[in-house]
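Novice: Below are the chains, spelled out letter by letter.
Number of protein chains: 2
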Amino acid sequence: MKYKAEVNVMPLKALLDPQGKAVEARLHNMGVKDVRNVRIGKHITLEVEASDEKKAAAIVEKACKDLLHNPIMESYEYKIEKA
Amino acid sequence: MKYKAEVNVMPLKALLDPQGKAVEARLHNMGVKDVRNVRIGKHITLEVEASDEKKAAAIVEKACKDLLHNPIMESYEYKIEKA
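Protein sequences appear in the order of chains D and E.
Under numbering that gives the first Met the number 0, the very last position in the first sequence is 82; numbers go up by exactly one each time.
Under numbering that gives the first Met the number 0, the very last position in the second sequence is 82; numbers go up by exactly one each time.
Rather than coming from a laboratory, the hints here were simulated on the basis of the structure.
All C-beta atoms, glycine included, are put in the ideal place defined by N, C-alpha and C.
Keep in mind that the hints are not guaranteed to be accurate.
Said to hold, decoys possible - Simulated DEER-style distance windows between Cβ atoms: (1) 1/E - 11/D: 19 to 27 Å; (2) 54/D - 5/E: 24 to 32 Å; (3) 20/D - 65/E: 24 to 32 Å.
With the rest of the complex left out, here is chain D (with noise of 0.2 Å):
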């Protein structure tokens, strides 16, 4: 079967994100002032074969885990769904 998954990784709630604050700043600079707290990160997409969803979710369980997050700065989630 092939599912399709969606992971995203964002820096930790507790650090800082220089790049949302930019973004965030430069955003109030334009005119565009009700917007708050922007934080970015990474999102991804992938296809995975794998016979069943808990399978494919033990596949992107270990992409997130051993490639795709830096555990020290940031988190990850994913949804996975038929494709």
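Go by the hints and put chain E onto chain D.
Specialist: Only chain E this time, still in chain D's reference frame:
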């Protein structure tokens, strides 16, 4: 009212995504073989202060159009919910 928006900015489907290709190759080298079509973009979360959801959407739309995405190589999508 306070709304929370989640924006995904992704490389256009028609374009090669070298970052995604690099991650895919690395996953294959690591033994995670059943993964294909990895694409990497940005995930942006922000809080919007607006009187209703339609106005919040207009603010997010403007932020996406004018700052967050590069129309030549990226597309965007977002969803908004009450914070």
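Novice: Would you mind marking each hint as holding or not holding in the structure?
Specialist: A quick look at each hint next to the structure:
In this structure the hint that residue 1/E and residue 11/D lie 19 to 27 Å apart at CB holds, the actual value being about 22 Å. Distance hint check for residue 54/D and residue 5/E: the Cβ-Cβ separation is about 27 Å, which falls inside the suggested range of 24 to 32 Å. The supplied range of 24 to 32 Å is broken by residue 20/D and residue 65/E, whose beta-carbon atoms lie about 18 Å from each other.
Of the hints listed earlier, the one the structure fails to meet is number 3.
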